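Protein chains in written order, with my numbering: chain R, 1 to 86; chain S, 1 to 273.
Note that these hints are calculated values from the structure, not bench results.
Treat the hints with caution; some may be incorrect.
So, partial list: chain R residues that the calculated Cβ filter (under 10 Å) puts toward chain S [as the list claims (entries may be wrong)]: (1) 11; (2) 13; (3) 16; (4) 17; (5) 19; (6) 21; (7) 23; (8) 24; (9) 28; (10) 66; (11) 74; (12) 75; (13) 77.
Being a predicted model, the structure only gives us computed values, none of them experimental.
For glycine and all other residues, C-beta sits at the position ideal for the given N, C-alpha and C.
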Amino acid sequence: MSIFSFFTRSRSAPVARDRLQILLAHERTLAGQSDLVAVLREEILTVIAKHVSIDRDKVNVKLECGNNVSTLEVNVEVMDQPKAAS
Amino acid sequence: MPKVMVVTSGKGGVGKTTSSASLGAALAQSGQNVVLIDFDVGLRNLDLVMGAERRVVFDLVNVVQGDAKLPQALIRDKRIETLSLLPASQTRDKDALTEDGVKTVIEELKEKFDWIICDSPAGIEKGAQLAMRFADTAVVVTNPEVSSVRDSDRIIGMLDSKTLRAENGETLEKHLLLTRYNAARAAKGEMLNVKDVLEILAIPLLGIVPESMDVLTASNVGCPVTLNTPDSVASKAYLEAARRLRGEKLDIVEPAERKGLMSRLFGWKAATA
Chain R
1 MSIFSFFTRS RSAPVARDRL QILLAHERTL AGQSDLVAVL REEILTVIAK HVSIDRDKVN
61 VKLECGNNVS TLEVNVEVMD QPKAAS
Chain S
1 MPKVMVVTSG KGGVGKTTSS ASLGAALAQS GQNVVLIDFD VGLRNLDLVM GAERRVVFDL
61 VNVVQGDAKL PQALIRDKRI ETLSLLPASQ TRDKDALTED GVKTVIEELK EKFDWIICDS
121 PAGIEKGAQL AMRFADTAVV VTNPEVSSVR DSDRIIGMLD SKTLRAENGE TLEKHLLLTR
181 YNAARAAKGE MLNVKDVLEI LAIPLLGIVP ESMDVLTASN VGCPVTLNTP DSVASKAYLE
241 AARRLRGEKL DIVEPAERKG LMSRLFGWKA ATA
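If we strip away everything but chain R, and leave its shape as in the complex, we get (with noise of 0.2 Å):
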């Protein structure tokens, strides 16, 4: 065990660049994402409350990623007396 630490132990570098890859791949997503939801939420509802009463605190927009599909998900309630029709 110890002449196998002693063979062993000074190779971390390996450690530190699959930590990082793998790290830094997540991040990346989340930081592309973030924002983009946050302009998509914006935009959606922006145009639905154009034609309905909505409450925007009732409204849940997801992104998930997949590796070949990527879905986007707007969940929003609409309130139950409509808008006068115009």
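Following the hints, position chain S against chain R.
Showing chain S alone in chain R's frame:
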């Protein structure tokens, strides 16, 4: 065509100020007109590294706020005629700078200088954002160490989104300057090597500055390393990096691991020889 260059890193203590001073001096030594601007308002240090700490009268904040004219605040280097310094304020905070104010100062400097080098403060807040805002080219200073690489990645993301050039869809040159590199430790697998860092950050390499006593000595005496010990390994790295910034194509040689008896006995000391 004058160039605005930001020297940035995200993480503190990786060598932004030292590299700003050394690259600035190296460019000035090659005959270019260079001005160094210290953006670290409240914690200025470029004046100290340049040995001009006793000559500061007015600073960047004074100029931005109109309390002093630009020529009054510029400090001309006593060793190289073509090198000037615009120090940061020590008594104010980063909110004293405005984007319009910084823009006006940079535009005025462009009339007189070939290179306007902006030494960024650490962090990703207003000071760092203003330092990179008007940049045409960026030098990302990174140590071969996990936290520095992570922060550099973050800064590269900001260079791609928060600079004026990025917003206008123009290209901003990005260069990686690897500092405090210890070839022996990288070869032993104790430290990230050049290939690892380049693979992760994926921007072109400007140079590799080995960890060196000469850099510390240069700071101690207030003289850029390229002037203080021009023949040292670190100076050569900075001088070559400056030539690459001017468009020369020079191969980058990875500092060799020294295997001689002397380096085994004296470790980093021999590596600086």
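How the hints compare with the structure:
1. With 10 Å as the threshold, the beta carbon of residue 11/R comes within range of chain S, its nearest partner Cβ sitting at about 4 Å, so the hint holds.
2. Given hint, residue 13/R at the interface with chain S, holds; its Cβ is 5 Å from that chain's nearest Cβ, closer than 10 Å.
3. At about 5 Å, the closest approach between the beta carbon of residue 16/R and any beta carbon in chain S falls short of 10 Å, and the interface hint on this residue holds.
4. Against a cut-off of 10 Å between C-beta atoms, the interface hint on residue 17/R holds, since the closest Cβ of chain S lies about 4 Å away.
5. For residue 19/R, the suggested interface contact is upheld, since its CB lies about 7 Å from the closest CB of chain S, less than 10 Å.
6. At about 6 Å, the closest approach between the beta carbon of residue 21/R and any beta carbon in chain S falls short of 10 Å, and the interface hint on this residue holds.
7. A distance limit of 10 Å between C-beta atoms decides the matter here; for residue 23/R the minimum to chain S is near 7 Å, and the interface restraint holds.
8. Annotation: interface hint on residue 24/R holds; nearest CB of chain S at approximately 5 Å, less than 10 Å.
9. Look at residue 28/R: its Cβ gets to within about 7 Å of chain S, closer than 10 Å, so that hint holds up.
10. Against a cut-off of 10 Å between C-beta atoms, the interface hint on residue 66/R is violated, since the closest Cβ of chain S lies about 23 Å away.
11. Evaluation of the residue 74/R hint against chain S yields a violated restraint, the C-beta minimum of about 25 Å exceeding 10 Å.
12. Annotation: residue 75/R was flagged as interfacial toward chain S, and the flag is violated, the nearest CB pair being 29 Å apart, outside 10 Å.
13. Interface restraint check for residue 77/R: the shortest CB-CB distance to chain S comes to about 33 Å, outside 10 Å, so the restraint is violated.
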